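Protein chains: 2
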Amino acid sequence: MTVPKGNAVVFTQGGPTAVINASWVGVVLGLKDAPEITGIYGSLHGIDGILNEDFVDLRAQDEKTLMAVSKTPATALLSTRHKPDAEDNRKMVALFQKYNIRYVFGAGGNDTSESLDIMNDSAKAGGYELRLFHVAKTVDNDLMENDHTPGYASAARYVANAFRGADMDNRCFGGLYLCVCMGRHAGFLTAASALGRTTPESGPHLIYLPERSFDIDRFCMDVEGVYKKYGRCVISVSEGIEDADGVPILQRLSSDKLEADSHGNVQLSGTGALADALVDKLKTHLEERGMVEKLRARGDTLGYIQRSFPDQSPVDYEETLGLGRFAAACALGGEPEGSAAIRRISDSPYRSEYKLVPLKSVAGKTRHLPDDHIHPAGNDVTEAFIRWGRPLLGELSLFGELDMNKRVAKK
Amino acid sequence: MTVPKGNAVVFTQGGPTAVINASWVGVVLGLKDAPEITGIYGSLHGIDGILNEDFVDLRAQDEKTLMAVSKTPATALLSTRHKPDAEDNRKMVALFQKYNIRYVFGAGGNDTSESLDIMNDSAKAGGYELRLFHVAKTVDNDLMENDHTPGYASAARYVANAFRGADMDNRCFGGLYLCVCMGRHAGFLTAASALGRTTPESGPHLIYLPERSFDIDRFCMDVEGVYKKYGRCVISVSEGIEDADGVPILQRLSSDKLEADSHGNVQLSGTGALADALVDKLKTHLEERGMVEKLRARGDTLGYIQRSFPDQSPVDYEETLGLGRFAAACALGGEPEGSAAIRRISDSPYRSEYKLVPLKSVAGKTRHLPDDHIHPAGNDVTEAFIRWGRPLLGELSLFGELDMNKRVAKK
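Heads up: the protein sequence lines correspond to chains A and B, in order. No gaps in the numbering here: position 219 of the first sequence is 219 in the numbering used here, and each next residue is one more. Count along the second sequence from 1, then add 1000; that gives the number in the numbering used here.
Worth flagging that the hints you see were computed from the coordinates, not collected in a lab. One should not assume that every hint holds.
Here are the simulated BS3-like pairs of lysine-lysine, each with C-alpha atoms no more than 27 Å apart in a straight line [as the list claims (entries may be wrong)]: (1) K32(A) / K1410(B); (2) K229(A) / K294(A); (3) K283(A) / K1083(B); (4) K5(A) / K1410(B).
Please read all numbers here as calculations on a predicted model, not as lab measurements.
Please model the entire structure based on the sequences and the hints provided.
Written out as structure tokens, the structure reads:
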């Protein structure tokens, strides 16, 4: 199998993750000794670096630096949400020719895989020989063909740890604690709030996912039920919850104008409005129902910290670095194109493998939390989700519990 | 020195921390082999457990359990914000007599030390021999007589890590990122956002502390200056910022009714309103100034996660366990009362020691960030703060940086 001789470019698109550097560093490690690869360019700010001919020389970086960068959250190659139009694609193919770029590796989510697919079609239409690969990435875990995506496990580890701590905190005073997690259309990250539960009474006691329509009255009754039982309730809510008409709950509850990005996505992160509005609702509900005179109720929003907290899941890191290497190996092995994906072999012991899947099978599609991971009541996850998710996080610190049955006898 | 023979009670009050269990476990470890100590009771929900005679038997817990609990965030003895009145104090002294409780150890902040001081006066007035100790605790680090308080270093570690990740994330797209930290009257936790900076260009670029009055126009101009220079700006803001008239900025910017606790403290945590309002201001300002057509601006609020995240600073853990042991040793050594505090011996190498200080020197007072830790411009910390704070956090993961001077030459 002969492969073209030329330069390679790597770039990253969309929201960063705690391990996204590991994906492109993996590609660089996989390419650097191949005689076919003349230069390895890091395009800055995703495809914008190609359009602006703004490349950092990755061959010139020493391996120690690259390895340190691979352990650093967010992307050292910077990012963009620019969705290329036909003119951009024509321009990029011309620039590939100008720089003799024959290999393209883009790490990103489903918007990125769609952009790459169109870029590939443009190159083919122009008769330019290009080897083009998408390397899966997204904290949301919403890519088809992947058991899970690089970045998800580290974000899930953070979410699970945040809820473990918040649940212990909520026990101290009782009352309500609600926390909003990322995940516009897919509930994987919100579901991860359940992965740190240690006892049957551990929170989150209720989990609301974007895969199920959200009914504000039922939500209030659910919380009331848990509060009656435990005197407290910890609630995990996806930022993307919508009512039965498909209207985002944030939009229902808020009169503020909402911002949309160039892919038409409404801004749901970077605001505490949903948590605040839901907590207000619950407070009013429980106080009006006479459950409590003055309810202690708090709402938080995990926000951007959850996708970039410097605590990589060791499983995520190793798999992501390996996925980058795999994409490089595919290219050098003669594959013309594809999306590098992670598949699961077994839950216990946890084992996974890499697979190159067609770009079009990932491009622009959204994967959702499977039905058997969602509790039939629509307000929790199932044991099947826990079995699936738990191995991805790596070790969590152990929590101790006092034996509360050992009481001092009253005198 | 003879000390009375009797039971000991330990309890925790106020907001939990990541290491508060270590303080009372330290007390238990320090007391458990003393022949003077008959039983060791854990009062549940702070002083409410005394008033309700609701005690868990801590002698009956095995040491392995206690050590596991000491590494678990928030308090296994649960908490309260109940401030005892004169009647409560009379009742508690009667109950101490009924249960032959001769030793009291309360871990808490300045509200707790004040309650303990009054409780002590009540016991003395009633002629009841009691040995009563306050064990410093608070993420806010606002206790007099302490170099720093148990719980602060772990919360500061979280805040520093959150900003390290958020700063790398903000680099990817540019624009503004603002994040609100806990600390009603003391800026120590907000200041900790600076402890993870790695380069002169690292965020947070601006830090607003409750020790300095907050001027919204100057704030907008500060941010504009940083944005002009870097095309981005990461901003750390204390939840407690007030204007020159002493009015909380959240109150200035919000029409919502604000909740107050039984100590008269307004609820500043558990809402994303301040971050959202400040981000709106900045967006409008920079867009109206023609700096950018549509500014990417995001606001987060660290909320409750920062005080209970399961990632103890190793320095905090060891010091806190030791402080509890020290309080127990003071009691067994014949000290009648006091507050167990942490003092610093040196910054580098970092060394600290414990000291028993008078209850009244801590009770009800608030310590602030010293002037030499605050930049004269009022929008940052100083190197003196960094030198003081950095040793408390323990090791942080290393971040790698690409050499961005190694560019591919344009063709």
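Hints versus structure:
no. : hint               : in the structure
1   : K32(A) / K1410(B)  : 22 Å, holds
2   : K229(A) / K294(A)  : 18 Å, holds
3   : K283(A) / K1083(B) : 24 Å, holds
4   : K5(A) / K1410(B)   : 20 Å, holds
Going down the numbered hints, you'll see the structure goes against none, and every one checks out.
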